[in-house]
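These protein sequence lines map, in sequence, to chains A and B. If you read the first sequence in my numbering, its first letter stands for residue 883, the second for the next number, and so on. If you read the second sequence in my numbering, its first letter stands for residue 883, the second for the next number, and so on.
Derived from the structure by calculation, the hints contain no laboratory data. Please read all numbers here as calculations on a predicted model, not as lab measurements. Any given hint could turn out to be false.
To be verified - Calculated lysine-lysine pairs in the DSS-like style (CA-CA distance at most 27 Å, straight line): (1) B:1454 / B:1373; (2) A:1103 / B:895; (3) A:938 / A:1501; (4) B:1076 / A:1076; (5) A:1136 / A:1125; (6) B:1024 / B:895; (7) A:1103 / B:1024; (8) A:1501 / A:1473; (9) B:895 / B:942; (10) B:1136 / B:1270; (11) B:947 / B:910; (12) A:1103 / A:938; (13) B:1024 / A:910; (14) A:1076 / B:1384; (15) B:947 / B:895; (16) A:1125 / A:1076; (17) B:939 / B:1062; (18) A:947 / A:1062; (19) B:910 / A:1024; (20) A:1103 / A:942; (21) A:1024 / B:1076; (22) A:1103 / B:1076; (23) A:1024 / B:1103; (24) B:1501 / B:1384; (25) A:1076 / B:1190; (26) B:1024 / A:1024; (27) B:1190 / B:1165; (28) A:910 / A:1024; (29) B:1103 / B:942; (30) A:1056 / A:1076; (31) A:1501 / A:1454.
Protein chains: 2
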Amino acid sequence: MGNTIIYGEIFLKGGYAGKILFINLTDKTIHEEHVNSSIAEKYIGGKGYALYVLYKKYLKEYMNKGLSPRDIDPLGSENVLAFATGPITGIPGVPSPGRYHVMALKSPLTGSVASANSGGEFGPFLKFAGYDLVFIEGEAEKPVYIEIVNGHVDIRDASDLWGLNTFTTTSILKKRVNHKNTSVACIGPAGENKVLFAAIINDEHRAAGRTGVGAIMGSKKLKAIVVAGDNQPQIANTEEYRKLVAEMSERIRKNPVTGGGLPQYGTAVLVNIINQIGGLPYKNWQYGYNPEADKISGETLASKYLIKRRPCWGCQIACGRVTRVQFGPYQVLYSEGPEYESIWALGNDTGVMDLEAIIKANHLCDELGLDTISMGATIATAMELYEKGLIPSEDLEGMDLRFSNPAALVDAVWRTAYRAGFGARLALGSKRLAEMYGAPELSMSVKGLEMPAYDPRAIKGIGLNYATANRGGCHVSGYTVASEVLGLPEKTDPLSPQGKAKLVKIFQDLTSVVNSAVNCLFTTFEIGARDYARLFNAIAGFSFTEQEIMTIGERIYNLERYIMSLYGFSAKDDTLPPRLLREPMPEGPAKGQVVELDMMLKEYYELRGWINGVPTIEKLRELGIEL
Amino acid sequence: MGNTIIYGEIFLKGGYAGKILFINLTDKTIHEEHVNSSIAEKYIGGKGYALYVLYKKYLKEYMNKGLSPRDIDPLGSENVLAFATGPITGIPGVPSPGRYHVMALKSPLTGSVASANSGGEFGPFLKFAGYDLVFIEGEAEKPVYIEIVNGHVDIRDASDLWGLNTFTTTSILKKRVNHKNTSVACIGPAGENKVLFAAIINDEHRAAGRTGVGAIMGSKKLKAIVVAGDNQPQIANTEEYRKLVAEMSERIRKNPVTGGGLPQYGTAVLVNIINQIGGLPYKNWQYGYNPEADKISGETLASKYLIKRRPCWGCQIACGRVTRVQFGPYQVLYSEGPEYESIWALGNDTGVMDLEAIIKANHLCDELGLDTISMGATIATAMELYEKGLIPSEDLEGMDLRFSNPAALVDAVWRTAYRAGFGARLALGSKRLAEMYGAPELSMSVKGLEMPAYDPRAIKGIGLNYATANRGGCHVSGYTVASEVLGLPEKTDPLSPQGKAKLVKIFQDLTSVVNSAVNCLFTTFEIGARDYARLFNAIAGFSFTEQEIMTIGERIYNLERYIMSLYGFSAKDDTLPPRLLREPMPEGPAKGQVVELDMMLKEYYELRGWINGVPTIEKLRELGIEL
C-alpha cells in the first residue's frame, strides 16, 4: 500500500501523501521526512502539524542556542515558513477540500505566530506533487522559486520573475511546468517590498492573506512555489468514504448558507445581512450601519458584475466570483471576487460606495499581493487620521485621502504595494501608521492585525474572538457569526455576551481542526466535530471520537498560545480598540451598544484554563502537549 | 579674480564655475579638473563640452583598448553620464537661464548618443555648487546618491531612497541638505527598473526626459544628485551684460510667443494651433486632425485646472503650469504641467480626450520618472496593435487597451514604471514592442525614439529634422515649427519641402549652441546667433562673431554624428516610419500630403557635407574636430 504511513506508533492508511519536505534556502539543502503518524494523531496535519514542527524542531532549537524567542526577526533568516495540507486536502468528493494553510514562526505585522489560509488548487496539487507539508528555512541570496513536481524538488533562479506581478508570475511558471495539475503560490511586488501585510497569492486570485506571510516570502527572496503532480492519496475505508461523501454533499446542498446564499451571491451575501443588524463597520468603525450598503452588496455584485463562478478544487459550494467592470475609470475586464471582507474593507470601511472602485482595488490587491482586509482597514485609518487633521497634506503628495473617495482608494493600493509616496507609510499597517501620527487608538486592530467586517458592538461573541484569536483581529479563528447571525448550528443572541465565551472556545477549537484537515471553514455551516471524526477515520484510518476531535483542536489552539507567550504575549494583548469598548454604537440597530469584553474574557480564560492569557503547565500537560 | 579660468590657451573671465567633476561609482573616486578654455572656445559648455569629453576622454580610451563602440552596453558600467551647464546657465537676468543638459555615451532606447535637457533649478544650483559639468563613470554596487554642496562632493548610501518616487526622494534630500539653493535630480522606480525611456526628474516636475537617461542612472545605481551652493559666477563685461539683459528682456516680453502665448497658456497653447493646420497626430498618427482637440488644449487647461505658473530659475517667460484636478477618478491635488508634447502623447496620440486623465498620467510620469512622449506614444502603438488584433487579450491581464480609453492610459503608466503585467512590455518602448508583435511599422519612432506632436505630412521641415536628429525622433533638435507654423524668425510654408534642408541645418546647429549655453530653447523665438555671440562675449569674455557661433553649433552636431557613425548609424537610419512616407494624410487641412523625405534629405546631406549620412573626414577637419 503505497500511501500507508508506517513511521510512528500507529498506521495511517490514507489521506496523506506521507512525506514532509524541508528546504533550506540559505544553503540550498533539501531533505524529506515521513509523516509521523503519532504526531498526525495528535495534530492531524495542516496548521496543527505545522505548528508542532515549528515549535519542536525550530523554536526549541533556537531556544537551545540560548536565544530568546522575543528576538526572532520575522523578516530574518531565522523565521520558518510552512505550507501545509492535511488528510482531507485534495480528497475528491469531501466537502470543499481545496485549501491549504500557511504558518510561520512569527508574523512581521503582529509579532505573533503567522497563520493564513487559502483556497484554489494549490493545496490539492501540493499533495498530488507528493508532500503534505513543506517547510522553508533560511534566506536565499538571490531570488529563487521552488518547483515541486511529482516528488522532484528544485530550487531555481527567479531573477527573471522578481518584480513581476502575481498574474504574470503564475502564468509563466504554469507554462514552464506544463502539467495539467499545476498551481503556483507566489508573491507580488508587495511581498518583495516587504509590505507588512503582503499576501501569498495562488491561482491568480486566491490569497493566504493575513499576518504578512507574503512579506516573509519576500524576506527569504522566495518568489514562488510551483507544484504539480498526479499522486492521488489513498482512502483507508472506501465504503465508509463513499457513504460520507454522498451524505455530506447532500447536506451541504440543502443547507441554506452553503447551498443557497454562498453559491448564489458569494460571501458578499453578508453585506446586507450584517448591515441590517447594525454590525457593518463604516468609516473606520465610527458607525455600524450604512444606509447605502446595498450599493456594494453581493446582490448588486451578482446583478451587475458577475460573469460566472469559479470554485476551488473539488468544491461544490463554488462561492468564488469571476467579475468584470466593463467600462469606466475602474475598468478591469477579468477579475475574481471581491469577497465579503474585501468589499467591506476596501469599501464600507473607507466609505467608498463605488463597487467598481472596490473591484479594481481588490484586483490590485490580488495582482500585487496584498491582504485586502489589512489594506482597506489601513486606508480607513489613514482617512480618519487625515480628516482629523493628524496627517499633514504634504505627506500625501497630492492624494486626497478623505473618506468615500474612490480615486484615493485605488491610488493608495498600488502605492502601498510599491511603497510609493504615502504608500510607504500605509505599508506599515494601521497600527504603526496610527502610532506614527500620534493616535494609536484609531487603528482598529488587535495585536496589530486589522479586524474585519463585523462590529462586535452588534455581535458580541466575535468581539471576544477578536480579542483572543491567536493571530490577532481575525474573524475566521472563531467565526461565531455563524451562530449569532446565521443561526448555525444554532442561533444565539448577537447582542448578549452570555454564553459567548463557550461559543468562542468551541469555534476556535473546531476551526483549528478544520485548518488542520485542511479543508474549507464554510463546511462548518453544516458539518461539525462528529462529522470531522468520521471523515478522518474513513479517509486516514484514524479512530477519533467527536470529543477527541475537539481536544485536538484545543491542543492546537493551546500550543499556538503557548508559543505566543514565549514571544511576550499575555492577557494585556487580548483586548479590543477603545472605540469598541467605550464608544457606544452611535446609530442603527445596535445603537448604544459597547462590547462587554471584561466579563466575557474572564469566563473565557476560566474555560480555557489560562492564567493571564497563557495556558498553565497543567493545561498543557492535560492536553498532551510536550514542551 | 576667483572665477577667471586661466587653464588653456585663452582666458575666460566669467560665466563658468571653472571646474569639472569626475565621479567614478565603481571605485568611489572623485577628482576635478579646470574647465579648459580652449575646449570652451570650441564647444562652449553644456552639451558641446560634454560631448567633447565623452568622445575624447571616454570613447577614445574605450577604442584604444581595442573594443568596438558598437559593443558599449548603454546599461553597463562602461557608459558615462554627464550633467552639464554652460556659461549662460544661472546668470541672472539673461533669458531663461534655468536649464541643464544630460549626455551619455549611448542611449538604451536608441543605441545612439543619449541626450536630454531639463529646466527647473538644478542647472543653476549645480553651477552655484561649484561645477560646470559632472561626469559619472562606472557603476555602484549598492544604491548611492551624490551630494555636491559648495565644492564638497560626497558619494552617499541611498539604500533608504531606493524604491521611492521622485517626489519623496526630492523632499528627503532637500531637507537633508537644508540650503536655500538646493535642487535634486533623481530617478523614480522607472529608472531603477531600467524602463528604456525612464527620465531623470529634477525639482519634482522637471524632466530630462528623452533617450532613457533615467535608465542609465538606474543601471549605475545612482538614485539622485543633490546640488546646493552660493557661488555666483562672475561676469566678464558687466556694462555690456547689463545692457544686453535689459534689451533682451524687453524683446522677450514683446515677442508674441515668449511674451504672449507661452506665459498665458504654457506650451499647450500649441494644441489648437497645430491641430488647425492638420498636423496634430491622432491615434498613433493614423490621422492629423482631431475635431475634439480643444478639449485638451492649453486654453482649456488654463480655464479649468491651472492654479498658478511656476517658472524655471530666473525665467521671465514662466511657461510652467501648476495644476490640479480637484475631484473625480483622476484627482490629483497638486501637479505641474502637462506640457504640450505630454498632452499630445498621453492624450491626442492615444485618443484620450479626457484632460483629467492626461494630467493624472502626466503626474505619474513625473512621480515615477518616465518620459511622457515615449510613454504616450508607446501606449498609442500598443493600442493600435491591440485594435488590429496583434496583441492577444491574455497578454493584457484585464486591461482594455483600446484607443480613447482613459482608464487604460492611467493604468498603463504606473504599470510601465514598475514593469507590472503588460507594463513590462511597454517598458521596452514602441519600437521593440511593435517588433515583438510583428508590426514594426506601427512604431512611430526614428532610431527608436518616439516622435512627438507634429505630423511632418503637415509640417515638412520637422520631418526632415525627425529623420536626421542625432538622438532620433526629436522635435527640439531642430524646431522648424517655429518658422513653418509660428513664423519665427520668418515664415516658411509648412507644406512645402523647398528650402527645408537649409532651415533644418540652421535650427539644428543653433540648437546645439543653445544646449551648450545652456539656456532655454524658447529664447530662440526671439534671439538668434548674433545675440548669442553677444551674450557669450559679455558674460564669459569670448569674442565670437555670429558666424563663429553657427560654426560651433555645426561642430557639435557633426561630432555627435561622427560618434553615432562609430556605433553603426548611417543614412539608412535617417528615415521616417513608412506611414509618413506612404500613407497620405487621410483628412484635415493637410489631407493628401506625405513627406517628400528623399528630396529634402539629399539636399540636407549636401549642405552638411555628409556622405551616407556620415560627416566626411574633410568636413570634420574643416570644423576643427580632432579625432
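Status of each hint after checking the structure:
Only pairs whose Cα atoms come within 27 Å are accepted, and residue 1454 (chain B) paired with residue 1373 (chain B) is rejected, the gap being roughly 31 Å. At roughly 57 Å between alpha-carbon atoms, residue 1103 (chain A) and residue 895 (chain B) are farther apart than 27 Å, so this suggested pair is violated. A threshold of 27 Å between alpha carbons decides the hint, and for residue 938 (chain A) with residue 1501 (chain A) the separation of about 18 Å falls inside it, so the pair holds. In summary, the hint linking residue 1076 (chain B) to residue 1076 (chain A) is supported, as the alpha carbons are separated by about 21 Å, within the 27 Å threshold.
Distance hint between residue 1136 (chain A) and residue 1125 (chain A) is fulfilled; the C-alpha atoms sit about 17 Å from each other, no more than 27 Å. Of the supplied pair hints, the one linking residue 1024 (chain B) and residue 895 (chain B) is violated, its CA atoms being roughly 41 Å apart against a limit of 27 Å. A threshold of 27 Å between alpha carbons decides the hint, and for residue 1103 (chain A) with residue 1024 (chain B) the separation of about 17 Å falls inside it, so the pair holds. Between residue 1501 (chain A) and residue 1473 (chain A) the CA atoms are separated by roughly 40 Å; this puts the pair beyond 27 Å, and the hint is violated.
Pair hint residue 895 (chain B) plus residue 942 (chain B) does not hold up; C-alpha atoms about 31 Å apart against a cutoff of 27 Å. A threshold of 27 Å between alpha carbons decides the hint, and for residue 1136 (chain B) with residue 1270 (chain B) the separation of about 49 Å lies outside it, so the pair is violated. Restraint check: the Cα-Cα separation between residue 947 (chain B) and residue 910 (chain B) comes to about 22 Å, which is no more than 27 Å; the hinted pair holds. Restraint check for residue 1103 (chain A) and residue 938 (chain A): satisfied, since their Cα atoms lie roughly 25 Å apart, inside the 27 Å limit.
Straight-line distance between C-alpha atoms of residue 1024 (chain B) and residue 910 (chain A) comes to about 25 Å, which keeps the hinted pair within the 27 Å bound. About 58 Å separates the Cα atoms of residue 1076 (chain A) and residue 1384 (chain B), which puts this hinted pair outside 27 Å; it is violated. Taking the CA atoms of residue 947 (chain B) and residue 895 (chain B), the gap is about 38 Å. The hint is violated against a cut of 27 Å. With a C-alpha separation of about 47 Å, the suggested pairing of residue 1125 (chain A) with residue 1076 (chain A) is violated against the 27 Å cut-off.
Taking the CA atoms of residue 939 (chain B) and residue 1062 (chain B), the gap is near 35 Å; set against the 27 Å cutoff, the hint is violated. The suggested pairing of residue 947 (chain A) with residue 1062 (chain A) is violated, with an alpha-carbon distance near 45 Å, which exceeds 27 Å. Between residue 910 (chain B) and residue 1024 (chain A) the alpha-carbon distance is near 25 Å, which keeps this suggested pair within the 27 Å criterion. At roughly 25 Å between alpha-carbon atoms, residue 1103 (chain A) and residue 942 (chain A) fall within 27 Å of each other, so this suggested pair holds.
Proximity of residue 1024 (chain A) to residue 1076 (chain B) is assessed by CA-CA distance (about 19 Å); at most 27 Å being required, the pair is judged to hold. Taking the CA atoms of residue 1103 (chain A) and residue 1076 (chain B), the gap is about 21 Å. The hint holds against a cut of 27 Å. Under the criterion of a C-alpha separation no larger than 27 Å, the hint pairing residue 1024 (chain A) with residue 1103 (chain B) is consistent with the structure, at around 17 Å. Restraint check: the Cα-Cα separation between residue 1501 (chain B) and residue 1384 (chain B) comes to about 17 Å, which is no more than 27 Å; the hinted pair holds.
Between residue 1076 (chain A) and residue 1190 (chain B) the CA atoms are separated by roughly 39 Å; this puts the pair beyond 27 Å, and the hint is violated. Restraint check for residue 1024 (chain B) and residue 1024 (chain A): the C-alpha separation of about 15 Å stays at or below 27 Å, so the hint holds. Of the pairs offered as hints, the one joining residue 1190 (chain B) and residue 1165 (chain B) is violated, with about 31 Å between alpha carbons and a cut-off of 27 Å exceeded. The hinted pair formed by residue 910 (chain A) and residue 1024 (chain A) meets the criterion: a straight-line CA distance of about 12 Å does not exceed 27 Å.
Between residue 1103 (chain B) and residue 942 (chain B), the direct Cα distance comes to roughly 25 Å. Compliance with the 27 Å bound is thereby established for this hinted pair. The straight-line distance between the Cα atoms of residue 1056 (chain A) and residue 1076 (chain A) is roughly 25 Å, inside the 27 Å bound, and the hint therefore holds. A C-alpha spacing of about 20 Å is found between residue 1501 (chain A) and residue 1454 (chain A), which places the hinted pair at or below 27 Å, so the restraint holds.
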